[in-house]
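Participant: In order, the protein sequence lines correspond to chains A and B. If you read the first sequence in our numbering, its first letter stands for residue 35, the second for the next number, and so on. If you read the second sequence in our numbering, its first letter stands for residue 14, the second for the next number, and so on.
There may be inaccurate statements among the hints.
[Said to hold, decoys possible] In silico lysine-lysine, DSBU-like type, Cα no more than 35 angstroms apart, as pairs:
(1) Lys76/A to Lys91/A
(2) Lys66/B to Lys91/A
(3) Lys14/B to Lys76/A
(4) Lys117/A to Lys66/B
(5) Lys66/B to Lys14/B
To be clear, the hints were calculated from the coordinates, so they are not data collected in a lab. Bear in mind the structure is a predicted one, so any value in this text is a computation, not a measurement.
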Amino acid sequence: EPEVTQTPSHQVTQMGQEVILRCVPISNHLYFYWYRQILGQKVEFLVSFYNNEISEKSEIFDDQFSVERPDGSNFTLKIRSTKLEDSAMYFCASKSRGYEQYFGPGTRLTVT
Amino acid sequence: KNEVEQSPQNLTAQEGEFITINCSYSVGISALHWLQQHPGGGIVSLFMLSSGKKKHGRLIATINIQEKHSSLHITASHPRDSAVYICAAEPPLGLTFGKGTHLIIQP
Numbered sequence: 035e036p037e038v039t040q041t042p043s044h045q046v047t048q049m050g051q052e053v054i055l056r057c058v059p060i061s062n063h064l065y066f067y068w069y070r071q072i073l074g075q076k077v078e079f080l081v082s083f084y085n086n087e088i089s090e091k092s093e094i095f096d097d098q099f100s101v102e103r104p105d106g107s108n109f110t111l112k113i114r115s116t117k118l119e120d121s122a123m124y125f126c127a128s129k130s131r132g133y134e135q136y137f138g139p140g141t142r143l144t145v146t
Numbered sequence: 014k015n016e017v018e019q020s021p022q023n024l025t026a027q028e029g030e031f032i033t034i035n036c037s038y039s040v041g042i043s044a045l046h047w048l049q050q051h052p053g054g055g056i057v058s059l060f061m062l063s064s065g066k067k068k069h070g071r072l073i074a075t076i077n078i079q080e081k082h083s084s085l086h087i088t089a090s091h092p093r094d095s096a097v098y099i100c101a102a103e104p105p106l107g108l109t110f111g112k113g114t115h116l117i118i119q120p
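Chain A with its partners taken away, still in its complex shape (with noise of 0.2 angstroms):
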């Protein structure tokens, strides 16, 4: 069954530096999405993608967040200077237009 990667599963940095965390959807999905859940708390929607850009996001995707489709079935998000505060567990998810989503694995985020 195919299913939603994610690379790297665990990623520590250091506050400040920049970290890009990468994601291959379904390959025949056209929206795809952003998560984040900071530890013991709800899940949390960042941004949602669909033909090559930004659909919807929310306030939390400030400057220091972007999203790309570099090429046919990477989902990459950057962030460029690292705070403390953005240590969670990222998820990405893909879906078809219409049907669930299918979410990734995770990414967790250790800023130290």
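Fit chain B to the supplied structure of chain A, relying on the hints for placement.
Facilitator: Same frame as chain A, now just chain B:
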């Protein structure tokens, strides 16, 4: 902005019991999702529904659009059902998630 509330927050039950988890939302939606999150963190979609009722194995999900309320039921619960169950409303903003219900099924 959609507010998604779940109850109960925590639920411990004995194997075989019938389980109900409730979800309410504040704003009209196109779909309501039920998700399962295991201790390792992975999220699996259980149901996506916009009306009526869906059944998959021992899991049943219902939604009442007029009352803005959905329920997830588990029949003949089993210890392997232990997980966090999350409801999420769509739209706006991708999915708006509830805080989750932490379910423990004891043998």
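Participant: Decide, hint by hint, whether the structure agrees.
Facilitator: The hints, checked one at a time:
no.	hint	result
1	Lys76/A to Lys91/A	17 angstroms, holds
2	Lys66/B to Lys91/A	31 angstroms, holds
3	Lys14/B to Lys76/A	16 angstroms, holds
4	Lys117/A to Lys66/B	43 angstroms, violated
5	Lys66/B to Lys14/B	26 angstroms, holds
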